Amino acid sequence: MRYGGVTWRAAVLSIAAGVLASAASWAAEPATRDNSGARQKARADSRPGAVTLDPGQAAPDVALYPLTFAADANGQLVGTIGKEKVKLSDYKGKAPIVIFSSSYT
Amino acid sequence: METLYKAYKDKAQFFLVYIREAHPSPEKGQADEQRAKQQLKRFGDKGITQPKTMDERMIAADKCMKDLKLTIPILLDSIEGDYLNAYGGFQAGTVVIDIDGHIAYWTRGAPNGAKPTEAEAALKKLLSAGGGAIRETWAGVKIPSEKPASDDNKPATTQQQKGRTK
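Heads up: the protein sequence lines correspond to chains A and B, in order. Heads up, the first sequence is in the numbering used here, so the first residue is 52 and it goes up one at a time. Heads up, the second sequence is in the numbering used here, so the first residue is 7 and it goes up one at a time.
Mixed in with the good hints, there may be bad ones.
Claimed, not checked - Computed cross-link-like contacts, SDA-like style, restricted to lysine to any residue with a CA-CA straight-line distance of at most 20 Å:
{"id": "1", "chain 1": "B", "residue 1": "LYS131", "chain 2": "A", "residue 2": "ASP123"}
{"id": "2", "chain 1": "A", "residue 1": "LYS138", "chain 2": "B", "residue 2": "LYS131"}
{"id": "3", "chain 1": "A", "residue 1": "LYS138", "chain 2": "B", "residue 2": "HIS29"}
{"id": "4", "chain 1": "B", "residue 1": "LYS72", "chain 2": "A", "residue 2": "ASP123"}
{"id": "5", "chain 1": "A", "residue 1": "LYS134", "chain 2": "B", "residue 2": "GLY87"}
{"id": "6", "chain 1": "B", "residue 1": "LYS131", "chain 2": "A", "residue 2": "TYR142"}
{"id": "7", "chain 1": "A", "residue 1": "LYS138", "chain 2": "A", "residue 2": "ALA122"}
What the hints assert, rightly or not - Quick list of the computed label-pair ranges, beta carbon to beta carbon:
{"id": "8", "chain 1": "A", "residue 1": "GLU135", "chain 2": "B", "residue 2": "LYS15", "range": "19 to 29 Å"}
{"id": "9", "chain 1": "A", "residue 1": "GLU135", "chain 2": "B", "residue 2": "LYS12", "range": "34 to 44 Å"}
{"id": "10", "chain 1": "B", "residue 1": "THR123", "chain 2": "A", "residue 2": "LEU71", "range": "23 to 33 Å"}
{"id": "11", "chain 1": "B", "residue 1": "MET60", "chain 2": "A", "residue 2": "ALA122", "range": "19 to 29 Å"}
{"id": "12", "chain 1": "A", "residue 1": "ILE66", "chain 2": "B", "residue 2": "GLU33", "range": "27 to 37 Å"}
{"id": "13", "chain 1": "A", "residue 1": "VAL70", "chain 2": "B", "residue 2": "LYS75", "range": "23 to 33 Å"}
{"id": "14", "chain 1": "A", "residue 1": "ALA121", "chain 2": "B", "residue 2": "LEU74", "range": "52 to 62 Å"}
{"id": "15", "chain 1": "A", "residue 1": "THR58", "chain 2": "B", "residue 2": "ASP51", "range": "50 to 60 Å"}
{"id": "16", "chain 1": "A", "residue 1": "LEU128", "chain 2": "B", "residue 2": "LYS17", "range": "55 to 65 Å"}
{"id": "17", "chain 1": "A", "residue 1": "LYS134", "chain 2": "B", "residue 2": "GLY87", "range": "19 to 29 Å"}
{"id": "18", "chain 1": "B", "residue 1": "THR123", "chain 2": "A", "residue 2": "GLN127", "range": "45 to 55 Å"}
No wet-lab data here; the hints were simulated from the structure. Model, not experiment: these values are computed from the prediction. Ideal placement from N, C-alpha and C gives every residue a C-beta, glycine not left out.
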């Protein structure tokens, strides 16, 4: 009985020591437990093909087809691809541009 | 995004560029089918596989627009990813371009999101300055609009100048 008691006490003490060691390590290395997304951002920045644009830099010009709509036989609007591409540089000197890029999934 | 568009559509040109699907439905036999199925448990399956033609991308964009009741003008990125290659590499993001054709604000987007609040702040600054005079970094450090003659050794300024002369 005494032997078992000693074993239990030793087990509890070693668990407590482990918890304290983990807490100390956690407190000593705040950078490695950053939840702000900095690590994710760094990982994204380092991926092949990652692009970084700086304020003041000339915006890359791209030309893309617009999604347009036409009414079908029932009068419902159906998506189609526009005939002419929209070029971002066409808006230079006319208006600021705000672009969100995303997909449905 | 839609809220920002409705609030400022008379003052700036808005676009949603519909890019490649981030979490498409898996296709039978694809190499990472099991992994894709696992991801869909988290992101939900909308029944859209990765478009391989512009028609397929247009159908996905049309479904997105109608399901989410979007009114913002949509541009379709090419299958080769012309937009993503120029502006983000592989992820969704947000860009504000001033009236002179320079980047005023840019964020890569995922995994931190499109940050429409930050985009709105950048747009407000542009509009208050006439649409094209603000040159400001994320850290709030102003970049001179003209390069001083004696400033040749400042790398940040030099980089901005190079960018502007492209």
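Between B/THR123 and A/LEU71, does the beta-carbon spacing fit 23 to 33 Å? violated, 41 Å
I want to verify a distance hint. Is the separation of the beta carbons of A/LEU128 and B/LYS17 within 55 to 65 Å? Given about 27 Å between the Cβ atoms, the range is violated.
Per the hint of 23 to 33 Å, is the separation of the Cβ atoms of A/VAL70 and B/LYS75 within bounds? violated, 51 Å
Whether the CB-CB distance between A/GLU135 and B/LYS12 falls inside 34 to 44 Å: violated, 26 Å
Range agreement (Cβ of A/GLN127 with Cβ of B/THR123, hint 45 to 55 Å): Violated: the Cβ-Cβ distance is about 36 Å, outside 45 to 55 Å.
Taken at face value, is the distance from the CA of A/ASP123 to the CA of B/LYS131 at most 20 Å? violated, 43 Å
Whether the CB-CB distance between A/LYS134 and B/GLY87 falls inside 19 to 29 Å: With a Cβ separation near 22 Å, A/LYS134 and B/GLY87 satisfy 19 to 29 Å, so the hint holds.
Holds or violated: A/LYS134 and B/GLY87, Cα atoms, limit 20 Å. holds, 19 Å
Going straight from one Cα to the other, do B/LYS131 and A/TYR142 come out at no more than 20 Å? Status holds; Cα separation ~18 Å.
Please check whether A/ILE66 and B/GLU33 have a Cβ separation lying inside 27 to 37 Å. violated, 49 Å
Below or equal to 20 Å on CA atoms is what counts here, so check A/LYS138 against B/HIS29. violated, 28 Å
Verdict for A/ALA121, B/LEU74 (Cβ pair) under range 52 to 62 Å: Cβ of A/ALA121 to Cβ of B/LEU74: about 20 Å, so the range 52 to 62 Å is violated.
Hints 1, 2, 3, 7, 9, 10, 12, 13, 14, 16 and 18 from the list above are not met by this structure, while the remaining hints are.
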